[in-house]
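**Student:** Now for the letters of each chain:
Protein chains: 2
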Amino acid sequence: MVLPENRSFRLKSKVLGRTLHTDQLQHERLNNATALAVFSSDALSSTAYASEEIILTLLTAGIGVAAFGYVVPITIAMVIVLTILVFSYRQTIKAYPSAGGAYIVTKDNLGVIPAQVAGVALLTDYILTVSVSVSAGVAALYSVFHGVYPYRVPIALAFIAIIAWGNLRGVKESGKLFAIPTFAFLVAMFVMIGVGLIKTIFGSGLEHVVLNPEQHDALKGAGAAGLVLILHAFASGGAAVTGVEAISNGVPAFKAPEWKNARNTLMVMGGLLGAMFLGISWLATQVQAVPTEGRTVISQVADAVYGNGAIGHVMYIFTQAATMFILVLAANTSFADFPRLASFQAEDSFMPRQLTKRGHRLVFSNGIVALAISAAVLVVVLQADVSKLIPLYAVGVFTSFTLSQAGMARRHVRIKEAGWRSGLFINALGAVVTLVVTVVIAYTKFTHGAWVIIVLVPILVWVVVRLNHQYETEKAELHEDAFRAVEEPILRRHDVIVLIDTIDRTSARAIQYARTLIPDDLRAVHIAIDEQHAAELADEWATLPLASLPLEMRLCPDRRIERSVLELVAELADDGQTEVSVLIPRRVYRAGWHKLLHDRTAEAIARTLADVPHANVTFVPYHLTRSSKGAHVHEVEHGAVSGTSGIHN
Amino acid sequence: MVLPENRSFRLKSKVLGRTLHTDQLQHERLNNATALAVFSSDALSSTAYASEEIILTLLTAGIGVAAFGYVVPITIAMVIVLTILVFSYRQTIKAYPSAGGAYIVTKDNLGVIPAQVAGVALLTDYILTVSVSVSAGVAALYSVFHGVYPYRVPIALAFIAIIAWGNLRGVKESGKLFAIPTFAFLVAMFVMIGVGLIKTIFGSGLEHVVLNPEQHDALKGAGAAGLVLILHAFASGGAAVTGVEAISNGVPAFKAPEWKNARNTLMVMGGLLGAMFLGISWLATQVQAVPTEGRTVISQVADAVYGNGAIGHVMYIFTQAATMFILVLAANTSFADFPRLASFQAEDSFMPRQLTKRGHRLVFSNGIVALAISAAVLVVVLQADVSKLIPLYAVGVFTSFTLSQAGMARRHVRIKEAGWRSGLFINALGAVVTLVVTVVIAYTKFTHGAWVIIVLVPILVWVVVRLNHQYETEKAELHEDAFRAVEEPILRRHDVIVLIDTIDRTSARAIQYARTLIPDDLRAVHIAIDEQHAAELADEWATLPLASLPLEMRLCPDRRIERSVLELVAELADDGQTEVSVLIPRRVYRAGWHKLLHDRTAEAIARTLADVPHANVTFVPYHLTRSSKGAHVHEVEHGAVSGTSGIHN
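Going down the list, the protein sequences come from chains A and B.
Residue numbers for the first sequence follow the working numbering, beginning at 6 and rising by one.
Residue numbers for the second sequence follow the working numbering, beginning at 6 and rising by one.
Simulated from the structure, these hints should not be mistaken for laboratory data.
Mixed in with the good hints there might be a few duds.
Chain copies aren't distinguished; within one or between two, either way the pair holds.
Computed list of lysine-lysine pairs in DSS-like fashion (alpha-carbon distance at most 27 Å, straight line) [as the list claims (entries may be wrong)]:
id, residue 1, residue 2
1, Lys17, Lys600
2, Lys600, Lys362
3, Lys99, Lys393
4, Lys421, Lys99
5, Lys99, Lys265
6, Lys421, Lys265
7, Lys600, Lys480
8, Lys421, Lys480
9, Lys225, Lys393
So that you can see chain A by itself, here it is in the shape it has in the complex (with noise of 0.2 Å):
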């Protein structure tokens, strides 16, 4: 018997594609190549505007030119935690060839508590990730486009939109298509620093940035930047760095040996993102390029090195073009990662239970509908602005890596597997460093924003925490003694309630469903809100050949249907021994205006009478076929294609 669908369902198949069984679960195989691509676009994006945001910070101290002193200094340091990160990171892909997330690796050695507190750490700064990297590619956009600037907000919004949308069809990680616009960028960028250094140690040096107004109010003052300054733009530079862990996070896409090709692909990535994160701070630096609202840092990089010729302009708008695509992309990377954490989590019971499930297409959907709202609130909040949205980001990130590091200090520790010694030195200082970076951040940028995330995980890392006691309660309560109860005897007595609001076709179904049932008593029960129809019902009801059935009335002067319904089942079932069946016929209209006429009365019984131990309430469905005249031709219409029409007889 093949039965039609109903509309949502071929909506859903339109918009998503048709339905994944789940054995169409599959992993595609990467080369390194293409995992690069696929697994560094977060990372290596981030180089798009980490220099901007240590610039934007020591200019906002009010220092002057001297601020661009400090850039390449800064860059420097922050390039020296990556490679520590980068080391650690090699340890965890050899020992977590599976899956390698901090999640896994702290539960794994420091246990469930403190894997929360790296979990719900890292699911925020995922949801921050899609924020501030929509939020800057936006910025790529209208740094060419001017015009754009007001509209930043939508548009960021509806890349959000079209980011979910591909990952609730289920974008297959597919190597080619992130391969471009990653390797663009690549190219974009050292193409950029390569002309950068040849105009300087063979022509005649690359000149300043055409500075506005605005601007060169942001170049006045001077002074030297103090301790806690540079920390700041340290600070700020850090998030750089987040999106390394991405590659640990997906050892078993890479082809065999895993851990091999992994370790590989991470150092080449580790390599490119030091060179362009101090090559564009060294060419912000010569060009003095001062950020400001419509106008990025590599768009005035990309302006001063290549200058107006022809050539220089198809340069600019490609390295534009290629910034923004890759920072979109970057987004995309938080949707493979934030649902799959979360489904994590959520196996353990630390998250609601329904992001386990997998959609339609086999992804985990709530989990990116959950990403995409969360990021959307957040650029409509702080409004598509990446420098309130960059004090928010990276505490997250650095917290996970500490525990993740320690976690695997712990580990080196416990197994001493050959050459534990040498790895524990490198994880232990992975741990350190990055936990100093933790506290740097955290305490740089409280004010300015880093106090909302601070307040923020605890709480969530409570929820978490509460919600699994729940789970296990509700577990332990529902298991207990369950495969006896599956043996307890039935109750003494079955009693079945028809409730009867008048004689039609309806009640006749559900008093021959009832029959059905051979219960040891049957009432018909009319809860009477007018006497004078209750009056009339009587009469009828007494011509009815039913005299097995009387009809019992009960009056409802305060017209609360479901409480005196609730009143007469609690009596019947106060007993612990008997088993009540409330049945209620229900209408089933053809078309869904029809049910808006009638009230809702059926389901606000059934809700009610929940609160009764053995009562069960039963809808006795009742079809009506027909259609008023007005509307034949639009319901036959309907019928034909709602879906239903298969199985009314």
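Assemble the complex: chain A is given as a structure, and chain B must be docked to it using the hints.
**Tutor:** Just chain B, lined up with the frame of chain A:
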């Protein structure tokens, strides 16, 4: 057994007062003076803006001070219409002493469809009455306190909310409360007119209003008014006579002999209304009041009449306060009329049946809420601007006047009571005059906004007729052979399906209940989404002492559980001779948020199965009683107040 009440009921009782029992439905009898206050606030209050609208229409045409020459003649024309209406309604009161609204009269004499036109037209006008009166009341307020002007919309919405709340509580049309503002307004208006008259006859005459620049601009221009302009101004004044029908709606509330007292009150009301309308128009002409944003005509007139002395100022404030209160009270009249009329139409199956339902306090709550929302939307869309609302107003009322008077004329011809010839003359004159006014209003205000109503009313009539067809079709189908259907034998087979997700106490409960039903075939079915879980479940099931009940596995590779159950049930029920009961274990949680932790598959299955005839869905409840440790104290409190603990076993 005393069952505790649930939270929503207790909240409702706090906000609305205790539940009223149906037999507490009663009507107050009013003496003529109080009845005047209760039923006339709508009609009398319209003098607060009617003269203003006439002046505004004339001034907008740019004929300058010449405009004031037309105000009194136009007012006289409208007072003549009023006189005809009053005499017409004298007839109606006598003929329909129980309820003489336009809907009843039209239905009785012209048929059901014309009655729907009258009904729909009146309902739209009741909505407008609320919007107009409340907006005009707020205008009276901001004429005194100019700072309030920017907040006029929220204030108007607050008034609507308060009136709606009062009506949901079931404000008795309690005379004293209503009498105060009505009589205060009468006093205010007649004192103002009296002082104006005395100053004109015995003093130096009234001085012109001191105009601001905006008002000076409005007086620019010169010329005479053309016929269309005069008719347009006349149409704008039509707002004054809306509400005249209220007394005929309320005849049963008078003391015996009801119809005589009602008639006398109608005459008094007509006299007062006519005199006030004329007086205010005359005063406005004398002082050359120019309505402007933030200053109503009444406010300018009162200002000019009373001058700047201390007593004058007190009288001015009193006038404004009385005006505001009677206007808000006028909105209250619609809250009595709209739900009653809607319930009449719903009883005739021309409106959604929910409108016939008396709520917590015996009022037609759904009608009250519908009116409040509609009026609030209008106020927001038109920004509480009386001048923008007025063009939409009065078309509906005059349409219903015409139908009602035509119905009365027809009645005289049909019944030929004593004196029917003079009655026919009066009502026929009334029908013709109101028809002419209707056409004038529709024509002159068409482009100013009346087109909305002229387009909307026929659409609404089509909708209610369509809706009636649907009700009638349903009723015919449901009652066809219903008495015979009640005797139909039960179906040949009864299959029971228990859906098993895991072996726990909810499944145990469902199996226990299933055995109670003594079915022909009892099947335990697991819809297998996760192969591993399914295999584990199968192994566990094998250990149960349920040899007679094997667990059937139904693979569901597309993870669409509802669909899978639907297919299973549709196959079983396909012969039309099998009653299928699907038992769905349902956990009943202690706290609302516990429910959020689980998806709503049970409800989704029930919804999907509604498509299959003879598929009866039973929810077998299992009550979770334990709380998780973390929230123990909170939960116990919750249980104690939630009203569910009393019947948990």
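**Student:** I want to check one pair: Lys421 and Lys265. Are their C-alpha atoms no more than 27 Å apart within a copy, between two copies, both, or neither?
**Tutor:** within (20 Å within a copy, 107 Å between copies)
**Student:** 27 Å Cα cut-off: does Lys421 pair with Lys99 within a copy, between copies, both or neither?
**Tutor:** For Lys421 and Lys99, only the intra-copy Cα distance (14 Å) is at most 27 Å; the inter-copy one is 105 Å.
**Student:** How would you classify Lys17 and Lys600 at a CA-CA limit of 27 Å: within, between, both, or neither?
**Tutor:** Classified as both; 23 Å inside a copy, 26 Å across copies.
**Student:** Checking Lys225 and Lys393: alpha-carbon separation at most 27 Å within a copy, between copies, both or neither?
**Tutor:** Classified as within: same-chain Cα gap 22 Å, cross-chain 55 Å, threshold 27 Å.
**Student:** As a check of your reading, is Lys99 near Lys265 (CA-CA no more than 27 Å) within one copy, between copies, both or neither?
**Tutor:** within (8 Å within a copy, 101 Å between copies)
**Student:** Between copies, within a copy, both or neither: which fits Lys421 and Lys480 at Cα up to 27 Å?
**Tutor:** neither (37 Å within a copy, 81 Å between copies)
**Student:** At most 27 Å between alpha carbons: which applies to Lys99 and Lys393, within, between, both or neither?
**Tutor:** Neither: 37 Å inside a chain and 75 Å across chains, both beyond 27 Å.
**Student:** At most 27 Å between alpha carbons: which applies to Lys600 and Lys480, within, between, both or neither?
**Tutor:** For Lys600 and Lys480, the Cα distance is within 27 Å only across copies (14 Å; inside one copy 38 Å).
**Student:** Within a copy, between copies, both or neither: where do Lys600 and Lys362 come within 27 Å Cα-Cα?
**Tutor:** between (31 Å within a copy, 17 Å between copies)
Going through the hint list in order, the structure does not satisfy hints 3 and 8.
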